[in-house]
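Asks: All residue numbers for the sequence shown refer to UniProt numbering, where the first residue is 1 and numbers rise by one.
Hints in this document: simulated from the structure, not taken from any laboratory. You may find that some hints are simply not true.
Only pairs whose alpha carbons sit at most 20 Å apart, straight line, appear in this in silico DMTMM-like list of lysine to aspartate or glutamate [as the list claims (entries may be wrong)]:
no.	residue 1	residue 2
1	26	40
2	69	132
3	76	5
4	69	112
5	137	127
6	76	40
7	152	138
8	113	127
9	51	5
10	156	138
The structure displayed is predicted, hence computed values, not measured ones.
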Amino acid sequence: MKSGDQRAFTVIYNRYWRLLYGHIYKMLRDEEDAKDILQDVFSGLWLHPEKIPETSNFAGYLYTVARHKVLNAIRKNKYKNDYLGALAAYATEASDETLQYIDSRDLMAAIEKEIASLPPRMRQVFELSRKENLSNKEIGKLLGTSDETVKKQIHKSLKVIRYNLKESGGAAVLLLALLR
1 MKSGDQRAFT VIYNRYWRLL YGHIYKMLRD EEDAKDILQD VFSGLWLHPE KIPETSNFAG
61 YLYTVARHKV LNAIRKNKYK NDYLGALAAY ATEASDETLQ YIDSRDLMAA IEKEIASLPP
121 RMRQVFELSR KENLSNKEIG KLLGTSDETV KKQIHKSLKV IRYNLKESGG AAVLLLALLR
């Protein structure tokens, strides 16, 4: 497999896909998401065979890779649900006049404008955290810096964005809720 042998990949795929799919499906309870993650696992094997460790428990390795991908998918879905929940909560509390004044495109444009105005490194860290849903540890490793530095950069970014949105008024209540 590590040498790019297609037959070896086919044998591995045929041997493990059903078992792996079953584990992924049990964790997600969604057929399409389970298929997507299964495809990610096997495409990762095919595209990056050099990352496959020397192990006597290959099934355990595949299960671990799949579990990490499932956890990442759940985390990304959580952020999306938090965002939609904050938007829905604001919509139920806001007056009709306010809702007519503000639409979602304006809100997203204001957020994006504030993110774009951040210093380059701070913006990069913020976007990796909030848009790519990477952990502080993952960002630190990617950028060659410590987890604590990443944490401080994100905190500073949120502080700057909140302040600027508060100063601009109008949609600040919703925007601040979205930037928890």
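Asks: Now, for every hint given, state plainly whether the structure supports it.
Replies: These are the hints, each one checked on the structure:
1. Annotation: proposed proximity of residue 26 to residue 40 holds, straight-line Cα distance about 17 Å (limit 20 Å).
2. Distance restraint check for residue 69 and residue 132: the Cα-Cα separation of roughly 14 Å lies within the 20 Å cut-off, and the hinted pair is therefore satisfied.
3. Note on residue 76 and residue 5: the hinted pairing is violated, with a Cα-Cα distance of about 34 Å set against a maximum of 20 Å.
4. In summary, the hint linking residue 69 to residue 112 is not supported, as the alpha carbons are separated by about 28 Å, beyond the 20 Å threshold.
5. For the hint linking residue 137 to residue 127, the alpha-carbon distance of about 15 Å falls within 20 Å, and the restraint holds.
6. With a C-alpha separation of about 15 Å, the suggested pair residue 76 and residue 40 falls inside the 20 Å cut-off, and the hint holds.
7. Distance check on the hinted pair: residue 152 and residue 138 sit about 15 Å apart at the alpha-carbon level, within 20 Å; holds.
8. With a C-alpha separation of about 13 Å, the suggested pair residue 113 and residue 127 falls inside the 20 Å cut-off, and the hint holds.
9. Simply put, residue 51 and residue 5 have alpha-carbon atoms about 15 Å apart, close enough for the 20 Å limit, and the pair holds.
10. As the CA atoms of residue 156 and residue 138 are separated by approximately 19 Å, the hinted pair is consistent with the 20 Å bound.
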